[in-house]
Amino acid sequence: QKEVEQDPGPLSVPEGAIVSLNCTYSNSAFQYFMWYRQYSRKGPELLMYTYSSGNKEDGRFTAQVDKSSKYISLFIRDSQPSDSATYLCAMSNNAGNMLTFGGGTRLMVKP
Amino acid sequence: GAVVSQHPSWVICKSGTSVKIECRSLDFQATTMFWYRQFPKQSLMLMATSNEGSKATYEQGVEKDKFLINHASLTLSTLTVTSAHPEDSSFYICSARAGVATNEKLFFGSGTQLSVL
Chain A
1 QKEVEQDPGP LSVPEGAIVS LNCTYSNSAF QYFMWYRQYS RKGPELLMYT
51 YSSGNKEDGR FTAQVDKSSK YISLFIRDSQ PSDSATYLCA MSNNAGNMLT
101 FGGGTRLMVK P
Chain D
112 GAVVSQHPSW VICKSGTSVK IECRSLDFQA TTMFWYRQFP KQSLMLMATS
162 NEGSKATYEQ GVEKDKFLIN HASLTLSTLT VTSAHPEDSS FYICSARAGV
212 ATNEKLFFGS GTQLSVL
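Line order of the protein sequences matches chains A and D. So the first sequence is numbered by the working numbering: it starts at 1 and just counts up by one. So the second sequence is numbered by the working numbering: it starts at 112 and just counts up by one.
Think of the hints as simulated: they come from the structure by calculation, not from any bench. Take the hints with a grain of salt, since some may be wrong.
Claimed, not checked - Within a straight-line C-alpha distance of at most 27 Å, the following computed DSS-like cross-link-like pairs (lysine-lysine) qualify:
hint, chain 1, residue 1, chain 2, residue 2
1, A, Lys56, D, Lys125
2, D, Lys177, D, Lys131
3, D, Lys177, D, Lys125
4, A, Lys56, D, Lys216
5, D, Lys216, A, Lys67
6, A, Lys70, D, Lys175
7, A, Lys42, A, Lys2
8, D, Lys177, D, Lys166
9, A, Lys70, D, Lys152
10, D, Lys177, A, Lys42
11, A, Lys42, A, Lys56
12, A, Lys70, D, Lys125
13, A, Lys56, A, Lys67
14, D, Lys131, D, Lys166
15, D, Lys175, A, Lys42
16, D, Lys152, A, Lys42
17, D, Lys152, A, Lys110
18, D, Lys152, D, Lys125
19, A, Lys42, D, Lys131
20, D, Lys175, A, Lys2
21, D, Lys216, A, Lys2
Said to hold, decoys possible - Partial pick of chain A residues on the chain D-facing surface, computed with a CB cut under 10 Å:
hint, residue
22, Pro8
23, Leu46
24, Phe101
Glycine included, each C-beta is placed from N, C-alpha and C at the ideal position.
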């Protein structure tokens with residue numbers, strides 16, 4: 001079993017829809033949770049960065065962390081075709097240097 | 112956010128040759144940089160952690176003599192793929208931590224697509 005599980009998709013939604021992306025994890029030591037967006041053949045771009053449990057909102061993006069369930073989510077409101085990309089969740093513990101990535105979910109927003 | 116520049120963005124080389132990839136932090140000093148490898152439709156796999164002024168730490172299964180990492184300054188790390196073979200063809204991405212604390216955010220370069228003929 002992988003430390004971080006993420007549905008690979010593809011997830012196809014119409015423009016304007018609310019998108020929900022999720023990851024589950026098994027390591028209770030993870031404290032820092034991130035979401036990255038990666039366009040094809042480009043490096044990942046940091047979208048959201050959260051510490052411990054709770055919600056964080058930034059524009060059309062909302063990140064949620066539920067440490068009790070070991071479950072994190074990224075919501076995208078009013079999705080746009082330009083949001084079409086692969087979304088990677090990542091997490092790390094307090095003392096670690098490394099990020100553990102999910103496998104990524106490919107999102108397609110159709111006009 | 113902080114900017115990490117990676118060059119070249121793509122390279123094609125003959126089997127047996129060596130290829131160097133550069134990763135620069137443009138507006139911050141990076142004591143630690145990371146090198147990842149990504150195959151199509153797969154996630155990033157950490158290859159090694161590069162610390163300025165010391166030897167890199169390689170992940171299990173990554174040949175340190177094949178993937179040479181040099182982190183000679185606080186703004187530059189290089190990955191050299193030596194005696195490249197077609198199975199080394201992949202997308203290589205570097206990242207750098209914008210700070211010294213272990214929980215500082217990571218920023219990624221734009222990646223290098225390596226194709227070995």
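Taking the hints in turn, this is what the structure says about them:
Annotation: proposed proximity of A/Lys56 to D/Lys125 is violated, straight-line Cα distance about 48 Å (limit 27 Å). Proposed proximity of D/Lys177 and D/Lys131 is supported: the alpha carbons are some 12 Å apart, at most 27 Å. Pair hint D/Lys177 plus D/Lys125 holds up; C-alpha atoms about 16 Å apart against a cutoff of 27 Å. Of the pairs offered as hints, the one joining A/Lys56 and D/Lys216 holds, with about 16 Å between alpha carbons and a cut-off of 27 Å not exceeded.
The straight-line distance between the Cα atoms of D/Lys216 and A/Lys67 is roughly 20 Å, inside the 27 Å bound, and the hint therefore holds. About 35 Å separates the Cα atoms of A/Lys70 and D/Lys175, which puts this hinted pair outside 27 Å; it is violated. Our distance criterion of 27 Å between C-alpha atoms is met by A/Lys42 and A/Lys2, whose separation comes to about 24 Å. Note on D/Lys177 and D/Lys166: the hinted pairing holds, with a Cα-Cα distance of about 14 Å set against a maximum of 27 Å.
With a CA separation close to 25 Å, the supplied pair A/Lys70 and D/Lys152 stays within the 27 Å bound. Only pairs whose Cα atoms come within 27 Å are accepted, and D/Lys177 paired with A/Lys42 is accepted, the gap being roughly 24 Å. For the given pair, A/Lys42 sits about 25 Å from A/Lys56 by alpha-carbon distance, which is consistent with the 27 Å threshold. Restraint check for A/Lys70 and D/Lys125: the C-alpha separation of about 46 Å exceeds 27 Å, so the hint is violated.
In summary, the hint linking A/Lys56 to A/Lys67 is supported, as the alpha carbons are separated by about 14 Å, within the 27 Å threshold. Taking the CA atoms of D/Lys131 and D/Lys166, the gap is near 17 Å; set against the 27 Å cutoff, the hint holds. The suggested pairing of D/Lys175 with A/Lys42 holds, with an alpha-carbon distance near 25 Å, which does not exceed 27 Å. Straight-line distance between C-alpha atoms of D/Lys152 and A/Lys42 comes to about 13 Å, which keeps the hinted pair within the 27 Å bound.
With a C-alpha separation of about 20 Å, the suggested pairing of D/Lys152 with A/Lys110 holds against the 27 Å cut-off. Taking the CA atoms of D/Lys152 and D/Lys125, the gap is about 25 Å. The hint holds against a cut of 27 Å. With a C-alpha separation of about 18 Å, the suggested pair A/Lys42 and D/Lys131 falls inside the 27 Å cut-off, and the hint holds. Taking the CA atoms of D/Lys175 and A/Lys2, the gap is near 25 Å; set against the 27 Å cutoff, the hint holds.
Between D/Lys216 and A/Lys2 the CA atoms are separated by roughly 23 Å; this keeps the pair inside 27 Å, and the hint holds. Using the Cβ-Cβ criterion of 10 Å, the hint placing A/Pro8 at the interface with chain D is satisfied: the shortest such distance is roughly 7 Å. The interface hint given for A/Leu46 is met, as the beta carbon of that residue sits about 6 Å from the closest beta carbon of chain D, less than 10 Å. Taking 10 Å as the C-beta contact cut-off toward chain D, the hint placing A/Phe101 at the interface holds, the least distance being around 5 Å.
Checked against the numbered hints given earlier, this structure breaks hints 1, 6 and 12; the rest are met.
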